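Undergrad: Same order as they appear, the protein sequences are chains A and B.
Residue numbers for the first sequence follow the numbering used here, so the first one is 1 and each next one is one higher.
Residue numbers for the second sequence follow the numbering used here, so the first one is 1001 and each next one is one higher.
A portion of the hints provided could be inaccurate.
Rough simulated footprint, nothing fancy, chain A against chain B, three-plus residues with beta-carbon under 8 Å [unchecked claim]:
1. 1026-1032
2. 1225-1232
3. 1259-1268
In case anyone wonders, no lab produced these hints; they're calculated from the structure.
Please read these numbers as outputs of a predicted model, since none were measured by experiment.
We put the beta carbon where it would ideally sit given N, CA and C, even for glycine.
Number of protein chains: 2
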Amino acid sequence: MAFDLGTMTTNPGDSTFDYASVVSINIFVALLCACIVIGHLLEENRWLNESTTALIIGLCTGAVILFARGGRNYVIMMFSEDLFFIYVLPPIIFNAGFQVKKKQFFRNFMTIMLFGVVGTVISFIIISFGASQVFRIMDLGALEIRDYFAIGAIFSATDSVCTLQVLNQDDTPLLYSLVFGEGVVNDATSVVLFHAIQKFDLVHIDIKVVMKLVVNFFYLFSTSTFLGAFTGLLSAYIIKKLYFGRHSTDREVALMILMAYLSYMLAELLDLSGILTVFFCGIVMSHYTWHNVTQNSRVTTKHAFATLSFIAEVFLFLYVGMDALDIEKWRSVSGSPEKSMRVSVVLLGLVLVGRAAFVFPLSLIANISRNSQNDKLTLKQQVIIWWAGLMRGAVSIALAYNQFSRSGQTHQQGNAFMITSTITVVLFTTVALGLMTKPLLHFFLPPSTRHLTMSLSLDPSSQESFLSLLLSNGQAIEVEAENSVPRPTSLRMLLTTPSRSVHHYWRMFDDAFMRPVFGGRGFVPLVPGSPTERDGPD
Amino acid sequence: MAFDLGTMTTNPGDSTFDYASVVSINIFVALLCACIVIGHLLEENRWLNESTTALIIGLCTGAVILFARGGRNYVIMMFSEDLFFIYVLPPIIFNAGFQVKKKQFFRNFMTIMLFGVVGTVISFIIISFGASQVFRIMDLGALEIRDYFAIGAIFSATDSVCTLQVLNQDDTPLLYSLVFGEGVVNDATSVVLFHAIQKFDLVHIDIKVVMKLVVNFFYLFSTSTFLGAFTGLLSAYIIKKLYFGRHSTDREVALMILMAYLSYMLAELLDLSGILTVFFCGIVMSHYTWHNVTQNSRVTTKHAFATLSFIAEVFLFLYVGMDALDIEKWRSVSGSPEKSMRVSVVLLGLVLVGRAAFVFPLSLIANISRNSQNDKLTLKQQVIIWWAGLMRGAVSIALAYNQFSRSGQTHQQGNAFMITSTITVVLFTTVALGLMTKPLLHFFLPPSTRHLTMSLSLDPSSQESFLSLLLSNGQAIEVEAENSVPRPTSLRMLLTTPSRSVHHYWRMFDDAFMRPVFGGRGFVPLVPGSPTERDGPD
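Just chain A, with the same shape it has in the complex (with noise of 0.2 Å):
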């Protein structure tokens, strides 16, 4: 984590440096102790997860922090976007491709993709043209129409981090692959938005710009999987050609963590989709890599990622909820509170609308090409699907930042309410609706019911032979141990999958062609030593 170095000053000599920077960073780290302790206690708790408990932490800490001070202002740490974007954001998304449920994700592919593109388009467009009607009404300001569309980008982009928090992929394995992997989609078609907003004259659209948009999400959305996908494949190549017979699980690990981060940073470097790239990195690694290395290793891999993920996403609520109570960027609409408060509700309305304008349709298209009954999108699904997209998160926050200041402070009014109005949606949906999230989640899917979920969510027919092995690396036969007591019996819903002849020839492929090559599950001869080398203390 980085602290904004710049403005510190050190002596190392006298082991003193820049004083107030020692202090910002010894509040956050003992806070995020904090806030994980918290969050255990918390645990059992019906209506707090850890994302809320952060935030709210961070907010007391804020207001104590005000207080303290007597209203003057106190910036613990400035929100940085280039923290957030270069050092917060990627090992989150890492762990999430990392930890994903492969066969899961790419069996609703489809759907994702049209979540993700399509749903995100109306989206936009709904926000932008709802904002630039109702602000325009409400007097805001020098906002251009580039701005409008900002709104409607920053707005249409679902918060993958937020999504990670309401959804458990244990639980709810299939709202969770469709929402998550929505917001991954949703950011290569939240760049292509970017780029047009800055890049092309938007007053007058032609069939001609929308055809070329069409093209850029395409080339940007195939080169940031190639991207991801290619050095995956180059680290499980580097471990399995010059690591075998004398394995080292430090140098390993650090390889795979130093070839990650330099996917995503590739990805930015060639103004390409980091979080697509990143994501898909991690799922190449799960599937080869991860097979190629020690036992040690792959223990360590999976939770350390996950540890860093988790630490990333605990300091990213807290982080948002400290910036929150920054005084600067209140004082300039203190003015007008009732307004500020309205622009808030009108862009809180319009996600609400933009989400469920796109859900409800799309879905059904949807199940019009899923085949089996069971298997389609039933109205309570849809309704969580939409839930869980709302929330809006640090991302919103970066992005809105990005947009509406400079130097990270704000003096237009139209963009002091920009801001303001954000973090107002920010907070709500995630305070708010976060902490509605569970109780709602237990009435829509019962847990008795949520077991149904699940095993429909899994392919019922393939336990045992042939499509276990299929694009796993083992979580499928996990969850279907732990899910072994519901099972429908249907050789016909196997039959009737369309992924299903997708599946095997991706199967034979990766057989015949890249396990040889790369490694992965069954194609790893055992190292000798390696298998038993046992984890005991050093």
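Dock chain B against chain A, hints included.
TA: Frame of chain A, contents of chain B only:
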């Protein structure tokens, strides 16, 4: 890792951060990957080790960039003391404490203190005095008395990171614990010396000032140690109390990482020695906390800490290598390359003499207190101790920058000489002396006698029942298992070992009071399901 974020401006919607920063990060991460792969390939090589490889790769990259830019300056990354002291150093030292053979360390504690405190002071006096005499004759420009003392403090500080590269804990545990332990204790001495340089009137030193310094040192040493031990014990207590029965690997690992880092930053906040604190925090965590967590957490922490430390070390040497060719600082001394070379040679000579002046006499004193003949330090071992502590590395560079430059660039000629000479000394000791270390070790301690050294350094009669549990978290057992072939039986040695009774009482205290409260080997009741919790893929 933080890359001087102050200079970055970001545009996340467009996914283009400041181009130069992204390029820098990409180059660094790619080079880190290259270092790991090449280092692995060269593992069997007689001369090179990983750090020398990284340094050479860094130098080559610097040269390539320099030529590609036609000699114009292009700083990929300014050397930043904050980056070094806040992010890179803590994981290295913490891991060293976490993995250190505690029994070995505490058995040699008095010798370590002798080297780390008295030795450093002797070396400091010799280097300061020598530099003031020689540089006055050489006419180096405006250097004050304070500067000479600073030179003494900078060059008498053993670089613990370099020691880790030169000596191997498994091959030469006694020498490793002596030299590395000296490096850690040394940091406290350096902090006191730097304080003294900045606050006391050093021209008139009387007994009062000396007494004050001695009191200062013991205050600093005890409070730093206490802070580290306290944080470690707190983490053990929290995990033992709260997590019992429902372990969560990610939370446990996160808590351990964060609390270790917190101990370091708290020490910096309180003007204590962060290195000493985080080192003792690592020792306490491996003695208590590590035993309170799940099997998966144990494997993960062990390897994750080692990996972080490994990445930090490689990064550091790469960084020093690339920074060395920054053309700016060489320009101001380019008028008199001969003089610059002479300064470097003088400093190198003073380092050699200063270290020899305390290693050999203090070894004699240490040998007096070691009763057993086999336990005494041989002349060959003394030469290795002298040699292994000669390396000067990133710590020296960071201290030199801090003392002799303002805002990273140096203009005054005397200061410029000091900085370039420090870099020259660092490069020479790390590359030239580093290359000679493996052959030298081979020459002085051939593998056949090394086993003897190792068996001597362990308490040979402690094998089975009693001392093997003493102060160990299983490391001793492992080493003893490796070492079971040459076993000179001698109950006499056990009886004559002076540290034995201290160990005995500590063991009694540990079993009666500490472990029941804080957990530890054998004092954590089995958690249902947790020991069988297998590290299967998920």
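Undergrad: Does each hint hold? Answer for all of them.
TA: For each hint, the structure was consulted:
1. Counting residues of the stretch 1026-1032 of chain B whose beta carbon lies closer than 8 Å to any beta carbon of chain A gives 4, which reaches the threshold of three, so the coverage claim holds.
2. Counting residues of the stretch 1225-1232 of chain B whose CB lies closer than 8 Å to any CB of chain A gives 0, which falls below the minimum of 3, so the coverage claim is violated.
3. Given as covered by chain A, the stretch 1259-1268 of chain B passes the check, having 7 residues with a CB less than 8 Å from a CB of that chain where 3 are the minimum.
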